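Heads up: the sequence lines are chains Z and W, in that order. Quick note on numbering: UniProt numbering labels position 214 of the first sequence as 214, and the sequence is numbered without any gaps. Quick note on numbering: UniProt numbering labels position 122 of the second sequence as 122, and the sequence is numbered without any gaps.
None of these hints come from the bench; they were simulated from the model. Bear in mind the structure is a predicted one, so any value in this text is a computation, not a measurement. Do not take every clue at face value.
[As the list claims (entries may be wrong)] Ranges between beta-carbon positions, derived for each pair:
1. W:THR76 / Z:ASN235: 15 to 23 Å
2. Z:ASP133 / W:GLU165: 38 to 46 Å
3. Z:ASP133 / W:GLY235: 56 to 64 Å
Backbone N, C-alpha and C fix where the C-beta goes; we use that ideal spot for every residue, glycine too.
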Amino acid sequence: MRGLLVFGVLFAAAFSQKLFVGDQVLRIRASNEEQIALLRELGELEDLQIDYWLSPAQPGLPVDVRVPFHSLQAVKVFLESNTIRYTITVDDVQELLNEEKEAMMVSRKFERSSNSFSFSSYHTIEEIYSWMDNLVAENPDLVSKIQIGQSYEKRPLYVLKIATEYGKDASLTAILDTVDIFFEIVTNPDGFAYTHSTNRMWQKTRSINAGSSCRGVDPNRNWDAGYGGPGSSSNPCAEMYHGPSPHSESEVKSIVDFILSHGNMKALLSIHSYSQMLLFPYGYKAEPAPDHQELLGSYAMSWVLFLPDRADGTTIDWSYDNGIKYSYTFELRDTGRYGFLLPASQIVPTAEETWLALMKIMAHIRDNPY
Amino acid sequence: MQRRSAARLGPLLLLFLLPLAWGEGPEPPRAAGELQVSNRLAGQAARVALHYLNYRLGSPSALRALGQVRKATVKTIPEIGHKYYLQFTTEDYKSSQNVGTCLATVFYLKRKPRPAVNINCTYTKDQKQTREDDYSFYKKMRQQTKPITGNDIPDSYGNIEPALEPAWALAVAGSSYLMWEKSTENLGYFMAQVKNVKQWITKDDSIDFDYSVVLHEIPTQEMISCHLRVIWTPGHPLKVKYFCLSENQRSEFGEGSGSESGSTNGIFNEEEANF
């Protein structure tokens with residue numbers, strides 16, 4: 001076959017050259033069965049090490065192939081000499097191979113301020129903390145950073161205070177509510193760092209459990225509300241391990257101390273993944289919270305309301321029992337397809353729909369002070 | 001199928017007539033003793049029904065996920081178990097497009113290892129297309145001279161490499177058998193990730209994969225590692241063998257070949273002789 005002969009000559013030439021471009025991905029459109037057959041044969045040449053992402057199947061359907069840099073010239077000449085059309089869809093696969101890492105690298109290059117932080121990719125704990133500092137530096141009148149404690153591995157636990165004023169409209173004069181909002185963006189920095197470094201599915205803290213090789217406590221079972229009940233586990237190896245005692249985890253104790261010393265918290269919204277639900281107290285007892293009806297009344301329709309699973313020692317049960325009437329758990333996307341491994345493309349849409357719900361709740365709190 | 005089940009649970013024949021009557025109308029009956037079901041348990045039962053369906057259909061291109069539960073009631077049958085009557089919508093597993101509605105019963109039996117499922121669904125996706133998609137995946141795998149392999153699907157960032165997507169879908173179908181077997185009224189499962197896939201090149205007509213998968217158990221949150229062997233020929237029942245290790249190193253294993261009892265109006269050849 002003429003095509004293969006030409007290719008064979010150039011193959012040797014390509015191998016003797018030093019090419020410094022990275023691997024590329026080509027999208028090929030074969031126009032007839034003969035071209036399909038040629039592409040299949042190309043795939044069988046082991047030295048080329050081409051990798052079909054979409055294999056040659058039939059004319060008209062796209063064929064995607066990753067070509068290592070040492071084979072690029074040979075493959076392209078082969079295609080061109082057989083008048084097989086192609087386009088370069090990825091110029092350098094080195095970056096695409098680990099797509100989110102690439103996005104993170106690119107966004108790091110351009111990040112000099114919080115304004116250009118890319119919200120549509122995952123970030124490390126260092127990047128998030130750095131973003132927080134940038135945010136505060138750029139908006140000193142609006143945002144301040146408070147350290148409320150330390151994690152088990154001595155990472156700082158930070159809360160961002162957003163001071164906003166409702167009732168700026170001249171029409172709302174009867175009650176001028178000044179509400180501050182506190183965001184604790186990373187409540188479990190040790191666990192979060194561990195998902196990046198070692199085990200993407202890690203859910204607990206990273207504290208050492210005496211007498212066990214298993215580490216970590218479920219930070220949503222460690223609160224002093226129905227603590228230790230059957231909706232949690234006493235086994236240190238279990239995901240829902242409640243810990244040796246209520247508030248044993250510094251990550252939990254720091255929030256407890258912060259809320260109690262503040263003394264005037266009106267709402268607590270605990271944000272988790274996944275299952276797209278909105279949960280309200282109680283998890284530890286069967287009876288609904290006294291403010292059940294009101295809690296049900298007031299948020300975005302896209303949330304599915306669920307009575308919680310039996311769950312003991314949870315954040316919102318504790319906060320509700322400590323006078324914070326508006327206590328909710330948000331479970332974010334999705335409903336199980338990707339679960340914990342949610343594609344980064346869903347970060348922004350998830351945030352947008354959650355924000356709508358938060359806004360509704362805040363408006364309700366503003367309009368119904370207690 | 002109904003008759004066979006009734007024969008095995010003779011005295012409860014009457015109760016099994018209910019679904020027959022129900023099949024004619026759009027709503028489950030509201031006989032005395034039926035209770036409204038909590039959203040969580042209804043969703044859980046609906047998912048079990050879909051695990052069963054996805055396994056029995058054995059079609060990676062036609063996997064379904066739960067949309068919304070429209071109606072759910074439960075009947076307690078003393079000494080036997082709880083039977084759920086469900087109506088729910090379904091979504092295409094990959095695209096999330098609505099693809100139809102199902103009526104199902106899920107019977108959690110006290111003395112049986114797995115829930116008994118009857119399920120009937122409408123399906124709005126082009127079945128000729130899904131058959132073709134299945135077949136082209138099958139053909140591509142049959143043509144492999146080097147076995148395909150892969151790790152971490154989806155990866156930590158939720159990405160699924162396009163070339164491995166059908167193998168992942170087959171893992172979902174195979175895991176569905178396993179998740180159906182393990183599900184109880186209170187314990188449900190999602191397939192969280194394929195840690196590893198390795199193809200076995202075979203001389204016969206089937207394609208053959210070894211999978212390591214991680215299941216997410218609800219509500220315990222446990223992540224359970226299982227090993228799956230899936231053998232598949234399009235249009236035939238999936239053959240699945242599995243072996244799971246739990247946190248406490250308790251091992252469980254099982255084997256499925258498409259001849260288990262239950263019913264669906266899906267497109268496959270039942271092995272009548274096994275009943």
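These are the hints, each one checked on the structure:
1. Between THR76 (chain W) and ASN235 (chain Z) the beta carbons are some 31 Å apart, a value that contradicts the proposed interval 15 to 23 Å.
2. Checked against the hint of 38 to 46 Å, the C-beta distance between ASP133 (chain Z) and GLU165 (chain W) comes to roughly 40 Å, which is consistent with it.
3. Between ASP133 (chain Z) and GLY235 (chain W) the CB atoms are about 59 Å apart, so this pair conforms to the stated range of 56 to 64 Å.
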